[in-house]
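Chemist: In case you want the letters, here they are:
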Amino acid sequence: MKMTYADILLDLINKDDRYMIMTSENRAAFRNLPPLIKNNFIDTGITEQTMIGMAAGLALRGRTPIVHALATFLTMRAFEFIRSDVGIANLPVKIVGAVPGFLSDGNGPTHQALEDVSIMRGIPPMNVFCPADEEDMLKGLKSVFTHPAPFYIRYNPTEALVEHSKFEIGKAEVFGEGTDVAILVYGFLFGEAFKAKEILESKAISVRLINIRTPKPVDEETILKAVDECKLIVTVEDHFITGGLYTILAEVLLRNRKTANVLPFALMNKWFKPALLNDVLQYERFAGELMAKRILETIAHG
Amino acid sequence: MKKQKLLELGQTSLRVREHIIRLSGNGGCFIGASLSCADLIVYLYKEFLNVSKENLKDPKRDYFFLSKGHDVPALYGTYVELGWLEEERLKNHLKTNDFIYWHPNRNIPGIEFHSGSLGHNLSVAMGVAMDCKLRKQKNKIVVVVGDGELNEGSMWEALLVASAYKLDNLLIVVDRNQFQANIQTEDLIPLKPLAKKFETFGCKAKKVNGHNFEKMDEIFKKFPFEKGKVSVVIAETVRGKGLPSIEKRADRWFVNFKEEEIEQLLKELHGAKKTKLTSETIVVR
Chain A
1018 MKMTYADILL DLINKDDRYM IMTSENRAAF RNLPPLIKNN FIDTGITEQT
1068 MIGMAAGLAL RGRTPIVHAL ATFLTMRAFE FIRSDVGIAN LPVKIVGAVP
1118 GFLSDGNGPT HQALEDVSIM RGIPPMNVFC PADEEDMLKG LKSVFTHPAP
1168 FYIRYNPTEA LVEHSKFEIG KAEVFGEGTD VAILVYGFLF GEAFKAKEIL
1218 ESKAISVRLI NIRTPKPVDE ETILKAVDEC KLIVTVEDHF ITGGLYTILA
1268 EVLLRNRKTA NVLPFALMNK WFKPALLNDV LQYERFAGEL MAKRILETIA
1318 HG
Chain B
-6 MKKQKLLELG QTSLRVREHI IRLSGNGGCF IGASLSCADL IVYLYKEFLN
44 VSKENLKDPK RDYFFLSKGH DVPALYGTYV ELGWLEEERL KNHLKTNDFI
94 YWHPNRNIPG IEFHSGSLGH NLSVAMGVAM DCKLRKQKNK IVVVVGDGEL
144 NEGSMWEALL VASAYKLDNL LIVVDRNQFQ ANIQTEDLIP LKPLAKKFET
194 FGCKAKKVNG HNFEKMDEIF KKFPFEKGKV SVVIAETVRG KGLPSIEKRA
244 DRWFVNFKEE EIEQLLKELH GAKKTKLTSE TIVVR
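Protein sequences appear in the order of chains A and B.
Counted from 1, the first sequence has number 1062 at position 45 by our numbering; the numbering is strictly sequential.
Counted from 1, the second sequence has number 153 at position 160 by our numbering; the numbering is strictly sequential.
Just chain A, same shape as in the assembly (with noise of 0.2 Å):
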């Protein structure tokens, strides 16, 4: 039978009594699994601060606590909580958001998540984990909860597209050697990414998709590496265009004393369209379709 991410954590805690679940009454990622783990599972009702501040006294008892709630309160709401208590201290809290990004759909502004992966990684010792999709997340949450750092996760249990390769920290993972285009991508967009691929390398565009997977520690060979082969560096997040991947790679370009051509798809200093998640994609412009004619279009105009 398929994994879920419940079996994870009840599989990290059937092996160590270290892990404790804890939510804010979000139960969504794992409905079945409180009764199993009584001893390890605290949901704090709907209390964001005080979830991470209790998270961060049972990591100071040596405990490896793993929050959730929705992305944009927990970040948000308990940001100060998360960066003065588990930040400061810099203890491992696993910080699990869910429905960042376009994965909020027909919420609304209050739950867009559009900012999280900047403000997470603005704090010293945060990490940030921004799996492709549910294959992509399981394959990494083991290196990510017994991680001795915090970390931010967007949770992301979409079906995947394709097969993922071994993850490893600080490690992105690439599909392709083209050298037309580039395209990377953290999170959910990965598959509308992964689409537009195909559809370019039907017009005989060669494409090379980076999976980011983890915007922090950032990949910077492999970007780097991207950026002296290709011609068009394509950068595609559910997130606003300020502090998320389009500045990591501009952070990673004046490092290294580097230019290049970039096509950014994100949000440009607004909210998107609350719809249902196709539609959003239709509307906003990220469909893998409508990226792909994009960059064509920028190729064409060179």
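Fair warning: there could be bad hints in the mix.
Said to hold, decoys possible - To be clear about the criterion: a stretch of chain A counts as covered by chain B if any three or more of its residues have a C-beta under 8 Å from a C-beta of chain B, and this derived list gives those stretches:
id : region
1  : 1054 to 1065
2  : 1101 to 1111
Said to hold, decoys possible - Among the chain B residues that face chain A by a calculated CB cut under 7 Å, a handful are:
id : residue
3  : S116
4  : V117
5  : Q177
It should be emphasised that the hints constitute simulated quantities derived from the structure, not laboratory data.
Note that CB positions come from ideal geometry on N, CA and C, so glycine has one too.
Once you have looked at the hints, place chain B on chain A.
Modeler: Same frame as chain A, but now just chain B:
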């Protein structure tokens, strides 16, 4: 409580106050709040908490959190008197060669967690309390909070959760000195009736004079106040206690005194007349 013990506690807190006064020059400190909770902190460390220099890493020790971190001079002074911190190091206050500054940090042995931003350490202490309960350990978890700090919503949110999880190994001590930074609490965001508020949130609250060791001993020895409930002690204190020239004064929140004022204040502490203070006070820190 025996006479000898009372005398000792009084002498210890007098020395802690001397340390606090000395920390109020060369950059200064939050003197008023430090003096209001000095007796409380001395009492807790000397009489209540099972914590010593030797067992600081023992998971079975009691835990102390200072949630309103700006009164850390009282903690530094107490640690000097306990022999955990060399007195010489207090001269490093606000110097880059040490870790002794306006808020607590874990580089000082004895400090369990940093604070400074109000409304944090209650939930951190709850995490520790929860773990002790899960491991069936008997540690006491004590967190000292300010009355002004009770403006923070995170305090009341945390209380709801602490009561839901019946954390009766947790003791909250309110340093009820009636002031928040520059204004009397009741003139800005009134807290009365405070004990009732805590009880409505599911805690068991008791009041005590936070400068009377005998009374404190009677109350604290009753911990836990009720099975299944968080215990709360509302310690009624005086901001600036021990120095009539700054007691209960809203403008003596953060101070940076001159050498001669400090000399005079030390004498005032031992019964000399009120000090004529000329230093401007820095209202916002």
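Chemist: Does each hint hold? Answer for all of them.
Modeler: A quick look at each hint next to the structure:
Chain B is given as covering the region 1054 to 1065 of chain A, and this holds because 5 residues of the stretch bring a CB closer than 8 Å to a CB of that chain, at least three being needed. Counting residues of the region 1101 to 1111 of chain A whose C-beta sits closer than 8 Å to any C-beta of chain B gives 4, which meets the bar of three, so the coverage hint holds. A cut of 7 Å between beta carbons decides the hint on B/S116: the least distance to chain A is about 3 Å, and the hint holds. With a least beta-carbon distance of about 4 Å to chain A, the hint placing B/V117 at the interface is held under the 7 Å criterion.
A cut of 7 Å between beta carbons decides the hint on B/Q177: the least distance to chain A is about 27 Å, and the hint is violated.
Going through the hint list in order, the structure does not satisfy hint 5, though it satisfies all others.
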